[in-house]
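Those protein sequence lines, which keep their order, are chains P and H.
Be aware that the first sequence starts at 1, since it is given in the numbering used here, and climbs by one per residue.
Be aware that the second sequence starts at 1, since it is given in the numbering used here, and climbs by one per residue.
Don't take each hint at face value.
[What the hints assert, rightly or not] No farther apart than 27 Å at their CA atoms in a straight line, the calculated lysine-lysine pairs in the BS3-like style are these:
no., chain 1, residue 1, chain 2, residue 2
1, H, Lys195, H, Lys142
2, H, Lys54, P, Lys25
3, H, Lys145, H, Lys8
4, P, Lys65, H, Lys237
5, P, Lys65, H, Lys125
6, P, Lys65, P, Lys45
7, H, Lys108, H, Lys54
8, H, Lys21, P, Lys25
9, H, Lys183, H, Lys125
10, H, Lys237, H, Lys125
11, H, Lys8, H, Lys21
12, H, Lys142, H, Lys184
[Unchecked claim] Examples of chain P residues toward chain H, derived with CB under 7 Å:
no., residue
13, His12
14, Thr18
15, Tyr83
16, Gly85
17, Ser87
18, Ser92
[Said to hold, decoys possible] Over 10 Å on every C-beta distance to chain P, these chain H residues come out as not near it, computed from the model:
no., residue
19, Gln148
20, Lys183
21, Ala217
If you are wondering where the hints come from, they were derived from the structure by calculation, not from laboratory data.
Heads up, the beta-carbon is just placed ideally off N, CA and C, and yes, glycines get one too.
The primary structure of each chain is shown beneath.
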Amino acid sequence: MKNVNILVLADHAEILETIIRLINKNDGWNGTGVASYDEAQEALKINKFDLVLLGVGVDDEAEAKILRLCESIAPRTVCMRHYGGGSGLLSSEIQHALAQRNLNV
Amino acid sequence: MKNNILHKANTRFSADHGWLKSAQTFSFHDHYDPQRIQFGALRVLNDDIVHGGKGFGRHPHDNMEIISIPLEGTLEHQDSMGNVAVIRPGEIQAMSAGTGIYHTEFNKDPAEPVTFLQIWLYPNKLNVTPRYDQLDYSKGDKHNKFLQILSPDLNDEGVWIQQEAWFHIGELDNGFETRYSLKKAGNGLYVFVIKGNVVVNDQALEQRDGYGLWPDANVQIAATSDAEVLLMEIPEKW
Numbered sequence: 001m002k003n004v005n006i007l008v009l010a011d012h013a014e015i016l017e018t019i020i021r022l023i024n025k026n027d028g029w030n031g032t033g034v035a036s037y038d039e040a041q042e043a044l045k046i047n048k049f050d051l052v053l054l055g056v057g058v059d060d061e062a063e064a065k066i067l068r069l070c071e072s073i074a075p076r077t078v079c080m081r082h083y084g085g086g087s088g089l090l091s092s093e094i095q096h097a098l099a100q101r102n103l104n105v
Numbered sequence: 001m002k003n004n005i006l007h008k009a010n011t012r013f014s015a016d017h018g019w020l021k022s023a024q025t026f027s028f029h030d031h032y033d034p035q036r037i038q039f040g041a042l043r044v045l046n047d048d049i050v051h052g053g054k055g056f057g058r059h060p061h062d063n064m065e066i067i068s069i070p071l072e073g074t075l076e077h078q079d080s081m082g083n084v085a086v087i088r089p090g091e092i093q094a095m096s097a098g099t100g101i102y103h104t105e106f107n108k109d110p111a112e113p114v115t116f117l118q119i120w121l122y123p124n125k126l127n128v129t130p131r132y133d134q135l136d137y138s139k140g141d142k143h144n145k146f147l148q149i150l151s152p153d154l155n156d157e158g159v160w161i162q163q164e165a166w167f168h169i170g171e172l173d174n175g176f177e178t179r180y181s182l183k184k185a186g187n188g189l190y191v192f193v194i195k196g197n198v199v200v201n202d203q204a205l206e207q208r209d210g211y212g213l214w215p216d217a218n219v220q221i222a223a224t225s226d227a228e229v230l231l232m233e234i235p236e237k238w
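Chain P on its own, in the form it takes in the complex (with noise of 0.2 Å):
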């Protein structure tokens, strides 16, 4: 099965973490939690993601400039806002959003 990289940004750090540990016990799926825009720079430049989810704390500007940063060094890269601080949305989100990338998980 192919392995799904998925970076999550948000400033809240127990529902970051919340995020992740639900996005890790899905077999496939690896989640890695960033609380900055300069962190999820950093980790986009040195990691391949196959997702972005922008959480809790994220303002409009901030989603404009991940966004912009997504399609200069990641364009295949879905970027998308995740609603719910780890919730019963998080699973779909994530569906959803490979789905439109037709990837096989």
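Based on these hints, arrange chain H on the given structure of chain P.
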């Protein structure tokens, strides 16, 4: 013209965790269907039954408007803002999760289950300060009329949320007919039949059916049995 969407009760996703049985109108947890993601800003409509003495342990939410409407039994809410409250049938609870909140929802009655609707809407503003609101509408007049129980305005009737949405609830006698007029042009209307049978425009609906439509301005609702109906006026874009 947009397409109206019918969600029959028996097409909802079914989850059975032993202590929790849930019928889910839209994709949730492990259930994913790209055709069943949302109706405008309405993202979650779960019809939950929690066993006596059981509940949802401490867990987080952010950036969602989370509404609970008990139908039978009682639910105790505790959250990281210090709110402790019990909600009963005839009451509605709304949480704007905003920058993050932890909460528990527990059925403290050891013997009787609690049945409640759990409804989540996307907010129209991100990262707001979390807030909690609760309303007892049991004394409000909802017999053969629709009582407003949720709105985007702190000073209006009902609990208030961070989204341009309005909820109304009505208990209709068999044969009663009425119309609902949109509060905001362009909004959709999601009708959820809590009990009984109704006809919405030309669409017949049974108990626990959901029907999403984008009317021009108003909608005809006719009860074909004694019925209880929840109307959710929902923005398509925000």
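Practice item. Compare the structure with the hints numbered earlier in the document and write down the numbers of the violated ones, lowest to highest. Key: none
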